[in-house]
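Keeping the supplied structure of chain A fixed, place chain B upon it in accordance with the hints.
In case you want the letters, here they are:
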Amino acid sequence: MTAVPRPHDRPDAALRAEALESLLLERGLIDPKVVDGLISRYENDVGPMNGARVIAKAWTDPDYRRRLLEDGTAAIAELGYSGPQGEHIDVLENTPTVHNVVVCTLCSCYPWPVLGLPPSWYKDPAYRARIVREPRRVLTEMGLPLDGDVEIRVWDSSSEVRYLVLPERPDGTSDLSEEALAALVTRDAMVGVGRVTSP
Amino acid sequence: MDGIHDMGGTQGWGTVRIPPDEPVFAEPWEAKAFAFGALSARLSGQNLDAMRHAIDRQHPYDYLVDGYYGRWLGCVETMLVDSGVLAPGAVDARARRLRGEDVSEPPDATPHRPEYQPTAGGSLREIEAQPRFSVGDRVRTRAHAHAGHTRLPRYTRGHVGTVAAIHPAQVLPDTHAHFIAENAQHVFAVAFDSTELWGDDAEPFALTLDLYADYLEPI
Numbered sequence: 005m006t007a008v009p010r011p012h013d014r015p016d017a018a019l020r021a022e023a024l025e026s027l028l029l030e031r032g033l034i035d036p037k038v039v040d041g042l043i044s045r046y047e048n049d050v051g052p053m054n055g056a057r058v059i060a061k062a063w064t065d066p067d068y069r070r071r072l073l074e075d076g077t078a079a080i081a082e083l084g085y086s087g088p089q090g091e092h093i094d095v096l097e098n099t100p101t102v103h104n105v106v107v108c109t110l111c112s113c114y115p116w117p118v119l120g121l122p123p124s125w126y127k128d129p130a131y132r133a134r135i136v137r138e139p140r141r142v143l144t145e146m147g148l149p150l151d152g153d154v155e156i157r158v159w160d161s162s163s164e165v166r167y168l169v170l171p172e173r174p175d176g177t178s179d180l181s182e183e184a185l186a187a188l189v190t191r192d193a194m195v196g197v198g199r200v201t202s203p
Numbered sequence: 009m010d011g012i013h014d015m016g017g018t019q020g021w022g023t024v025r026i027p028p029d030e031p032v033f034a035e036p037w038e039a040k041a042f043a044f045g046a047l048s049a050r051l052s053g054q055n056l057d058a059m060r061h062a063i064d065r066q067h068p069y070d071y072l073v074d075g076y077y078g079r080w081l082g083c084v085e086t087m088l089v090d091s092g093v094l095a096p097g098a099v100d101a102r103a104r105r106l107r108g109e110d111v112s113e114p115p116d117a118t119p120h121r122p123e124y125q126p127t128a129g130g131s132l133r134e135i136e137a138q139p140r141f142s143v144g145d146r147v148r149t150r151a152h153a154h155a156g157h158t159r160l161p162r163y164t165r166g167h168v169g170t171v172a173a174i175h176p177a178q179v180l181p182d183t184h185a186h187f188i189a190e191n192a193q194h195v196f197a198v199a200f201d202s203t204e205l206w207g208d209d210a211e212p213f214a215l216t217l218d219l220y221a222d223y224l225e226p227i
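Residue numbers (the working numbering), protein chains in the order written: chain A, 5 to 203; chain B, 9 to 227.
To list a few chain B residues with every Cβ distance to chain A over 12 Å, as calculated:
{"hint": "1", "residue": "S112"}
{"hint": "2", "residue": "Y124"}
{"hint": "3", "residue": "R140"}
{"hint": "4", "residue": "A155"}
{"hint": "5", "residue": "V168"}
{"hint": "6", "residue": "I188"}
{"hint": "7", "residue": "P226"}
Between beta-carbon pairs, the in silico distance windows are:
{"hint": "8", "chain 1": "A", "residue 1": "A184", "chain 2": "B", "residue 2": "P27", "range": "22 to 30 Å"}
{"hint": "9", "chain 1": "A", "residue 1": "S86", "chain 2": "B", "residue 2": "I135", "range": "17 to 25 Å"}
{"hint": "10", "chain 1": "A", "residue 1": "S44", "chain 2": "B", "residue 2": "T183", "range": "32 to 40 Å"}
These are calculated hints, taken from the structure and not from any lab test. Only a predicted model underlies this, so the values are computations on that prediction, with no experimental measurement involved. We put the beta carbon where it would ideally sit given N, CA and C, even for glycine.
With the rest of the complex left out, here is chain A (with noise of 0.2 Å):
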């Protein structure tokens, strides 16, 4: 025998969470309103185009640009983003020659205030392992591939801190509005692991 002994016949996931919520409803410990409103936020509401509003008005507003980089968490709060995980959130800007990309390498701290709940790559052992450890590589294989002298930096998140990417500007988009610029802004450039472009 040396194959890990678990239950062939565990219910599946599904099944846990609905014996779960019936343990916890017919014991008045949760209130169906609050679950349903707390779901309906984070699938409707708290999500990345709240960061790319940020960006799109770091790349238009150069005053909003320096308080961003100086105190994420307050830029980020003048747009009215805060909440669980986002307690104190730094913004790391990308250029020419420096690219930065944020991971949890213990489990997958995320901030969802600006960028909302983590994508599945994000939480996949193979990005938690491999982006701390062969980033160049990892980034190139995501479509990321980087020019030789371009300095990577790798952010593990592992206290409070979040941390949100500033993306470089695409070129010919000096005519587009903040709106129209935040339109262009991904989750993924956010993140790390892809670039904004052009329309």
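Just chain B, lined up with the frame of chain A:
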């Protein structure tokens, strides 16, 4: 603890794939697991660090097979059982009954939520002590972990880095997760050269972690 959750630098996982147009929750149960997780500290009388430790303690096999929200489900059950809100085996028995198995449910447990009162909301704290290190100081990380919760990943232990920034003080997860004390202390952004962590053949890059004062010693 040295667990499956501490993944930094481990090998053999293959390539990272980015699925296009991914929904926030792939299945309805994932949304429920998220909501229960978000409420778990309140329901169990515990805290965020205890929640992370309850994830760390999932069986390594389950940790990998269950995925992210499956782990949330598992950790909520662990927290509720640890606090006596649910009896051990209660969730499994109810799930089996839901699928038609004739199993009996365990009698209710006696709630014994931890004697724990946070001094403030969240994890940041104002403290009077001056930061133990300054920007530019060389520091060495602690070489060994204890059996409980910690936020000092294995791949950075016993290594030398440079303090790059001083963050606000935060409660120490190592004691807070176990309801021993908040132990609020400064957190330092410490930058490591990739060769310090992975040897001379490493790709050139800098790696920064946010490390609690207790994890560091001066050189």
